[in-house]
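J.: Taken in sequence, the protein lines are chains A, B, C and D. Here the numbering used here = 1-based position in the first sequence + 1473. Here the numbering used here = 1-based position in the second sequence + 1473. Here the numbering used here = 1-based position in the third sequence + 1473. Here the numbering used here = 1-based position in the fourth sequence + 1473.
No lab work stands behind these hints: they were computed from the structure. Be aware that a few hints might be false.
The list cannot tell twin chains apart, which means a pair is met if one copy fits it or any two copies do.
Said to hold, decoys possible - Simulated pairs of lysine to any residue, SDA-like, Cα-Cα distance not exceeding 25 Å:
(1) Lys1542 to Asn1617
(2) Lys1666 to Pro1515
(3) Lys1537 to Trp1805
(4) Lys1700 to Ala1540
(5) Lys1733 to His1684
(6) Lys1530 to Phe1496
(7) Lys1701 to Gly1660
(8) Lys1568 to Val1704
(9) Lys1732 to Ile1642
Number of protein chains: 4
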Amino acid sequence: MTLKVAIAGATGYTGGELLRLLFLHPNVEVVSVTSEQSAGEPLIKRLPSLKGYYNLKLEQFDPKKIAEKADLVFLCLSHTKAMEPVRQLLDLGKKVIDLSADYRLRSASLYESWYQSPHTHPELLKEGVYGLTEVYRDEIARSNFIANPGCYPTGALLLLSPFLKAGCIDASREIIIDSKSGISGAGRAPSAKTHFTEVNEGMVAYNIGVHRHLPEIEQEIRRIGGKKRSVLFTPYLLPVNRGILTTIYLPLNGKFTQKKLESVLDVYRGEPFIRRADGAPNLAHIRGSNFCDLAVFATPGGRTAILMSAIDNLVKGAAGQAIQNMNVMMGWDDRLGLISPGLFP
Amino acid sequence: MTLKVAIAGATGYTGGELLRLLFLHPNVEVVSVTSEQSAGEPLIKRLPSLKGYYNLKLEQFDPKKIAEKADLVFLCLSHTKAMEPVRQLLDLGKKVIDLSADYRLRSASLYESWYQSPHTHPELLKEGVYGLTEVYRDEIARSNFIANPGCYPTGALLLLSPFLKAGCIDASREIIIDSKSGISGAGRAPSAKTHFTEVNEGMVAYNIGVHRHLPEIEQEIRRIGGKKRSVLFTPYLLPVNRGILTTIYLPLNGKFTQKKLESVLDVYRGEPFIRRADGAPNLAHIRGSNFCDLAVFATPGGRTAILMSAIDNLVKGAAGQAIQNMNVMMGWDDRLGLISPGLFP
Amino acid sequence: MTLKVAIAGATGYTGGELLRLLFLHPNVEVVSVTSEQSAGEPLIKRLPSLKGYYNLKLEQFDPKKIAEKADLVFLCLSHTKAMEPVRQLLDLGKKVIDLSADYRLRSASLYESWYQSPHTHPELLKEGVYGLTEVYRDEIARSNFIANPGCYPTGALLLLSPFLKAGCIDASREIIIDSKSGISGAGRAPSAKTHFTEVNEGMVAYNIGVHRHLPEIEQEIRRIGGKKRSVLFTPYLLPVNRGILTTIYLPLNGKFTQKKLESVLDVYRGEPFIRRADGAPNLAHIRGSNFCDLAVFATPGGRTAILMSAIDNLVKGAAGQAIQNMNVMMGWDDRLGLISPGLFP
Amino acid sequence: MTLKVAIAGATGYTGGELLRLLFLHPNVEVVSVTSEQSAGEPLIKRLPSLKGYYNLKLEQFDPKKIAEKADLVFLCLSHTKAMEPVRQLLDLGKKVIDLSADYRLRSASLYESWYQSPHTHPELLKEGVYGLTEVYRDEIARSNFIANPGCYPTGALLLLSPFLKAGCIDASREIIIDSKSGISGAGRAPSAKTHFTEVNEGMVAYNIGVHRHLPEIEQEIRRIGGKKRSVLFTPYLLPVNRGILTTIYLPLNGKFTQKKLESVLDVYRGEPFIRRADGAPNLAHIRGSNFCDLAVFATPGGRTAILMSAIDNLVKGAAGQAIQNMNVMMGWDDRLGLISPGLFP
């Protein structure tokens, strides 16, 4: 059986990454790719690395037309642009995986305050499943509509989730999340913030306390752990192409030895894309792959744990997790299309 | 049918790259990996990016033992170290692809003068087929023993070969080869030359006129074109992980228009891993793939052509071409195991 | 004595570099800095590295107002924008160093064909002195108006000039110039071509045969050597912040040994910013300094020489050379303001 | 008056940086440079960027001989190697600034447990002044012997010191220090950890909880604040040449607004090398300079502050601070030799 998929917004980094990965997927055919700015051009003009793999022409995005060709649509649009198309595509009976931020927050007012824009389809906010595969696997399997997580939230929540479920967090202290991201996380549109000579050989934090991934992280901490927790979230731009290295300083409600901390991560046993790192996770070891490498470190007092994860922001943090979610939705093995090892060096 | 292969010298970059690519090969099983320094350790200890893909333990390299397990052996050893094992493995009826420099030069005395070491098996020098796949495809198909080309020679000869065959070179001027290589070309052993802070944000030429890939290039120019040609070869270290960008200033024996030059490259029609670049080839577009992107530019006078190629030195310049050669030897489609698109960005 | 200088276009990389260097100049006071886009803001808002060094506010560029404050004006404006102000400032009796391309070509029609814009002050084209310090030192000393050379031309012409003067070039072959430039050469305005993730870990040639620095190089080859020469010029973008590494394959009209080639460079004896490299020049060794490191390599046939130079495109290729020219104009030691060693690593 | 100085261990990155900076120092002459491995060679052979600045030959390090030439000696030796020479040079009446770790810890047993080596001169441990200039200015001014701080401790303690003195720390929670360092911090000796292709495009934490700079940080927290505090210290290797970006999550013993937090930093008013960053500090803005850029951010609850600093590990984190200490010892302006602005881009 071949699933026909379309990618709306195919020329950004997330769209390009979907195309790179889907080429290896045995059950999928990409039937349509769209681009607002480059419609009419050959796809490979904008993504020359894909020459020889795809022979598609970029189209204007028209949900109705795409629905005639595709069974499932990946939306790689900037925020606010995905709201309406999701409604249309679902109404037309299609499966949708939305990689934008439009349906990640389950509260319209929260969305509106963080994204400074009204939400036109609040009725869908509870319908979409937050696509953190390892956490919401069952809901994803039953759903037609996935709100694919942000890259920072993926790196942070895969670390936190086992500890939230195990109930070992001390409520009186903040959960501190210190996340270093490669530049592709900022997208493909040029800006002063991503200009080579401004970024290279530098490192800087940004949007401290006001990054839009913060409410997403807070929401999921609350949903997974059952309680609101105070979170401090510090994101940085790191002069590498890909990868998010997340360090979490986790307040514990008791003394935890190294062994006890590691046992909490046992919940991931059997998960094909969670690896226990040998030592500290390194961005160099997950480049281009869908893995999330994890580690946990006990501290002298035993009252705070240091958690670390490494993901490729474009793969596990975006396109790879979207494909994994598609696989779960279709009842396929998680690994289809995602088996290529990371690029090292 | 499954071919059992072994990799001797599996923990260097070339060996690691073979493992990365072979994981996707439908007809191959890696049954043995060796390492002089890390024998006894799990493979993934030295190549953490492969965790979850391979469960092998590194062994001491013993040709006889390996011959009991494997049908084909990739030798990723430093020069002089492959001479003897090739003889042994061939005598034991195995197929061998040697990624070292030991059998690339077809003259023992030339080898001895460039590598400062006696050649112990000159009788094999003519037996081995120089594994420039697109050029020696038929010989490779009939052979059990491939001397896999060096990375610089691959980038240069894929550009030159069509022009050599077409007989359009002016003998009175030098062929100028200006090649910029990523640091992985220098291998995995640390040295002052590859220390991050010595290399990063710099660029420098090295071994001008005395690089060991020069006689290899000269030999193949002579064999492919039927005549000795003067060559100037300038290699550089470039602060990127992967890739060789080669520019050739080619003296022509007549006036060539852009169209005529491009038509010379038509000999590559049907070759799955040769792409015509749209504009100048970019290392960013072949990263991690087996492609060789080519371009040719006519110049005002029409008497000199500018040729450019981009390859990933670890793939088309080493492990990828070795796998392509294995595929040809086995009568398989060239693309088996090599279909994963390059990583961009 | 203190010279009062102004910088028009102070927030780009060239302007910033002038400010960095001039802070160390014992005889200069920067009295005015202008910016089209950021007028009214503190300078350090746009150039935070200069906090603590300058307390200036960015102004709108108004030649008359600036002439009231400054004795000498550095123009760091994009091409076409400097034409008019040069006329005005000279008429007001000021000294001008123009870092734009507006007065580098001495022919209005050549300018117009390469820059696609009419030249409004052709009468000044012969008045401006081309500021290649080591070559036009005497004219610079007598002039009030310097057209500061482009970065690529500086790297190429400092190599070529001694050989042009020595008359050792073979007219029947092209001079081949292969130049690799760091990204700051493309300026501070963000674009797809300079977006971190498009550039990093890549390398690509651009504007082959049609780069605007080509006519500038050709003009000076003709002026310095007394004859028109055929030139092939290939520029590349290199993923480093600073530096141009230029390799020239020079056709010689006789056999030249290594010793003879080196003796040609003796004309630079006494020049404070020309260094003979020990081996091949490395961008890592001139980062941030005004040096031009040179090397020359004889080749087997002796009929072609390989010349190499390394400069920092923002220093010797722009701001540093501009300051050196100012020093010459003022009758000061070349080194004033330029004595800080390069940053290594 | 000219101070004659010697540098023992001049060919490492710290020694090279001292030479780069001291060239601009109006009151200093470098009279001797030593190197264990390269004695007899010209200095510029090992540090080509300094060609044209110094004409010195590398010598074997012999404290007595050096004492005949120099008034002050900078020791840039690896740990354990500086112990004895400090004693000898002080006995010979020389001033000493030791950039090794040998005299930073004031307890011999602490040194011995962290450096796995006996301390042969415990009597000097209290005599040496810990050279954190802004904190121990008066002691430094009176001393002949400075133990120059480690790079991580400098970045962390300059942030912490005002808060320790102000007594605003909550003792029940850990001080969390998350520090990202450029690769030059690992020195100039090649290793797997600093091999370009292992490090580039990656990021990884190391020595979590066991880094040798931890006891140094803890000691100074205790000395400056008068009390022992629990510290978690996580260092990372960052793929840039220079710079340490330190983030501290500081537990406060009360609610602090942004304004109140900022006022704590007012103690640095008048310090020439402490800058308040406009937003978050960026490594790109202090590259090559002696500045420490600081910022502080209040958090929603007000009970934890986020502190950030950016320093160049080779300048403020090593050679620059050493020169600043020399200036203080000599009664000179702190800024002598340190006035060159940072390199941007």
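J.: For every hint, state whether the structure bears it out.
T.: Going through the hints against the structure:
In this assembly of identical chains, Lys1542 and Asn1617 lie within 25 Å of each other by CA distance solely inside one copy; the values are 17 Å within and 48 Å between copies. Proximity of Lys1666 and Pro1515 under a CA criterion of 25 Å is satisfied inter-copy only: 20 Å between copies versus 29 Å inside one chain copy. For the homomeric pair Lys1537 and Trp1805, neither the shortest alpha-carbon distance inside one copy (27 Å) nor that between copies (43 Å) is at most 25 Å. Taking CA atoms no more than 25 Å apart as the test, Lys1700 paired with Ala1540 passes in neither setting, with 40 Å inside one copy and 61 Å between copies.
For the homomeric pair Lys1733 and His1684, the shortest alpha-carbon distance between copies (24 Å) is at most 25 Å, but the shortest distance inside one copy (33 Å) is not. Taking identical chains as interchangeable, the C-alpha atoms of Lys1530 and Phe1496 lie at most 25 Å apart only when both belong to the same chain, with a minimum of 16 Å there against 32 Å between chains. For a Cα distance limit of 25 Å, the shortest separation of Lys1701 from Gly1660 qualifies neither inside one copy, at 31 Å, nor across copies, at 45 Å. In the homo-oligomer, the alpha carbons of Lys1568 and Val1704 never lie at most 25 Å apart, since the shortest distance is 34 Å inside one protomer and 50 Å across protomers.
With identical chains, the CA atoms of Lys1732 and Ile1642 are at most 25 Å apart within one copy only, with a shortest distance of 17 Å there and 31 Å across copies.
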